[in-house]
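**Q** Residue numbers (my numbering), protein chains in the order written: chain G, 565 to 903; chain L, 412 to 717.
The hints are simulated quantities; they were obtained by calculation from the structure and are not laboratory data.
Some hints here could point you the wrong way.
Think about it this way: if two alpha-carbon atoms lie no more than 20 Å apart in a straight line, the pair counts; the simulated SDA-like pairs of lysine to any residue are [stated by the list, open to error]:
(1) Lys544/L x Ser596/G
(2) Lys547/L x Leu606/G
(3) Lys544/L x Val559/L
(4) Lys694/G x Val452/L
(5) Lys544/L x Arg597/G
(6) Lys601/G x Ile460/L
(7) Lys689/G x Arg615/L
(8) Lys544/L x Lys689/G
(9) Lys689/G x Lys547/L
(10) Lys689/G x Pro776/G
(11) Lys547/L x Phe615/G
(12) Lys689/G x Gln832/G
(13) Lys689/G x Gly789/G
(14) Lys704/L x Lys544/L
(15) Lys689/G x Ala702/L
(16) Lys601/G x Arg615/L
(17) Lys689/G x Gly816/G
(18) Lys694/G x Ala702/L
(19) Lys547/L x Phe612/G
(20) Lys704/L x Leu703/G
(21) Lys704/L x Leu702/G
(22) Lys743/G x Asn729/G
(23) Lys544/L x Trp598/G
(24) Lys689/G x Gly548/L
Which bits of chain L does chain G cover? Going by a derived footprint, with three or more residues having C-beta under 8 Å, they are [to be verified]:
(25) 487–495
(26) 512–518
(27) 633–645
(28) 649–661
(29) 670–676
(30) 699–713
Note that beta-carbon positions come from the ideal geometry of N, C-alpha and C, so glycine has one too.
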Amino acid sequence: MTATDVRPEAPEAPPQGKDKPVRVLSFSQNLSRWDLKVSPYLYISPFFIMFAVVGLFPIAYTAVISFMEWDLVRNSGEFIGFDQYIWILQNPQFWTALRNTFSIFLLSSVPQLVFAIFIAAMLDKNIRAKTFWRTSVLLPYVMAPVAVALIFSNMFGDNHGLVNNVLTDLGLTPIPWHKDPFWSHVAIATMVNFRWTGYNALILLAAMQAVPRDYYEAATVDGAGAFRQFWSITLPSLRPTLIFVIITSTIGGLQIFDEPSQFDNTGQGGAAQQWLTITLFLYNIGWREWNFGRAAALAWILFLIILVIGLINLLVTRRLVRDEGGRGVSLSRKKGPRR
Amino acid sequence: MSTTPPIAMVEQPIATAGLGRGRNRSSRTTKIRGYRAGFWVYAGLGVVILSAVFPYYWSFLIGSGDASTISDPDMSWIPGGNFLANAASVVNDPAVNFWPALWNSIYSSTLIAASVVVTSTLAGWAFAKLRFKGSKGLLVFVVATMAVPTQLGVVPLYILFAELGWTGSVGAIIIPALTSAFGVFWMTQYLQQTVPDELIEAARVDGATMLRTFWTIAVPAARPAAAMLFLFTFVGAWNNFFWPFIVLDRRDPTLPVALSLLQSNYFVDYSVVLAGVLLATVPLLLLFVVAGKQLVSGIMAGAVKG
């Protein structure tokens, strides 16, 4: 691609015409100016128009509905103030769902990060067939969460599941994966971990590869072993990426729905709400009980929770990133490679 | 989980990892003691890959048996011969609607991915290289919208589509997904780093219109990033469940929704369920075999680098 490719067939607006009248612009020049001014807005307009229709309007409307007793038949609502919010906050199921969501989130994000770092460290070594290993690690990512959920809930079957069969063969007691809240969270978290560990490993790998190799060379000269190098060079350099991965997995984790909804065949979060999550609760209120006012209020509560967690993340990020000397998770533009 | 890949913040040029530059460090690294991969690294990676492949194998194992396989404590690790029969009962079950679901998934994901690529390239080009009032603020706004959870919009969107009579049709899942904030940001970052400003100035001096400049400079430059964005959006749209589950009805589902129906129809016969799961996974698995490398470099390219 060279500049010669862009030579126009018909020179519409010769910028240095010989007998160009001063100050008076020709029609094509006017067109060109107008083109220059309006085009950028035209190019970005599809996103903003779509966002206004399917993003902004629904968010605002959700807020309106959340203050209403919504009538499905008339398709309108009656204003009742904060009653829906009060109903949600006084409902024990909400608190169970909140606990479950955080429990599943912690059980999935913590081991996931630890494994991802180790996998990334292995991939960062000078291995043969790099592409093969990297691609294989991503294999779980393409499987639909619903498919993952169906396979794993089979493996975690209470009576004849693979995991319990193995446990019995080892002489251990089988685990009540579907009855006990904690174990059901472990099973669901395993599904999340299966799908996302390799993905996060690749993100961390990219960050590891950006660490100047000279550091390792110098450390080797100084006599630092592999473990010491990992601890003192690799991990500190990963900090901004780690924070980024934590933030994104928090936002995703708090919205978890697919896996818990497919963990059994009723999809209601368990007989005693063992694995009911907030989004699953929202679905149950909205599309099983058909109470849109309450569902909308719950959606806003979820959003506020995500916002608070996000803000906490941001504050922590800022604090940690500051000592990294400006490198960090920022929207920095026009920065060249640092090395 | 979120459907867009969470790989937004780019510090270094996307091009380095994406286009294969900067990978040739191996010759330098071989000299470093403790850096060369030993047996344990291969063993560790082998375990990782086994656990990545195992669920696929497991669904084939169960899917190729019969209803009693799963409850048999001395189950064989060699697949049985019933896979085709089980797959056939999934495909032919009128309650599951496998073929319509497959078709819906293919065309909705393709349309969504194509639209996201086009709109993101246009917007990304404007944000990266064109000067206009408010561009910085608008870009920040675009990025901020990524934090809004899906759940916040589902109730009114459902009401809206119900009013329009679109609930139950695939249009209801295509329309809201036609643009993507992530895509816009991804393209902005990529084009910013890849296209030199002089090239655009040259085109302007030569009198090219904005659209022509876009077509002759931005589009060819954006191609690698567009390919990755297409893949990510496609995979995300294909696997999306929450909104399709709400808005589609059982007669006209997408594959993930059809899978969830499979479980309620056949919950006793897991061989049929898992045969169906594997069957529904095959198309994306094929895509992955063809394009896995691009997906990998896409993830690596979009990551934060310290």
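**Q** Taking the hints in turn, state whether each one holds.
**A** Taking the hints in turn, this is what the structure says about them:
1. Lys544/L x Ser596/G: holds (18 Å)
2. Lys547/L x Leu606/G: OK: lysine 547/L and leucine 606/G at ~16 Å, within 20 Å.
3. Lys544/L x Val559/L: Distance of about 25 Å is beyond 20 Å: violated.
4. Lys694/G x Val452/L: Between lysine 694/G and valine 452/L the Cα gap is close to 12 Å, so the pair holds against 20 Å.
5. Lys544/L x Arg597/G: Status holds; Cα separation ~15 Å.
6. Lys601/G x Ile460/L: violated (53 Å)
7. Lys689/G x Arg615/L: violated (47 Å)
8. Lys544/L x Lys689/G: violated (47 Å)
9. Lys689/G x Lys547/L: Between lysine 689/G and lysine 547/L the Cα gap is close to 40 Å, so the pair fails against 20 Å, i.e. violated.
10. Lys689/G x Pro776/G: With a Cα-Cα distance of about 14 Å, the restraint between lysine 689/G and proline 776/G holds, given a limit of 20 Å.
11. Lys547/L x Phe615/G: Distance ~18 Å between lysine 547/L and phenylalanine 615/G Cα, so the pair holds.
12. Lys689/G x Gln832/G: violated (45 Å)
13. Lys689/G x Gly789/G: holds (14 Å)
14. Lys704/L x Lys544/L: Roughly 39 Å between the alpha carbons, so the hint for lysine 704/L and lysine 544/L is violated.
15. Lys689/G x Ala702/L: Roughly 24 Å separates the two Cα atoms, so the pair is violated.
16. Lys601/G x Arg615/L: Measuring from Cα to Cα gives roughly 13 Å; hence the hint holds.
17. Lys689/G x Gly816/G: Cα-Cα ~30 Å, so violated.
18. Lys694/G x Ala702/L: holds (16 Å)
19. Lys547/L x Phe612/G: holds (14 Å)
20. Lys704/L x Leu703/G: Holds, at about 11 Å.
21. Lys704/L x Leu702/G: Roughly 10 Å separates the two Cα atoms, so the pair holds.
22. Lys743/G x Asn729/G: holds (17 Å)
23. Lys544/L x Trp598/G: The hint holds at about 14 Å.
24. Lys689/G x Gly548/L: violated (41 Å)
25. 487–495: violated (count 0)
26. 512–518: violated (count 0)
27. 633–645: Violated: only 0 residues of the region 633–645 of chain L have a Cβ under 8 Å from chain G.
28. 649–661: Satisfied; 6 residues make the cut.
29. 670–676: Satisfied; 5 residues make the cut.
30. 699–713: The restraint on the region 699–713 of chain L holds, since 9 of its residues have a Cβ under 8 Å from chain G and three suffice.
The structure does not agree with the numbered hints 3, 6, 7, 8, 9, 12, 14, 15, 17, 24, 25, 26, 27 stated previously, though it agrees with the rest.
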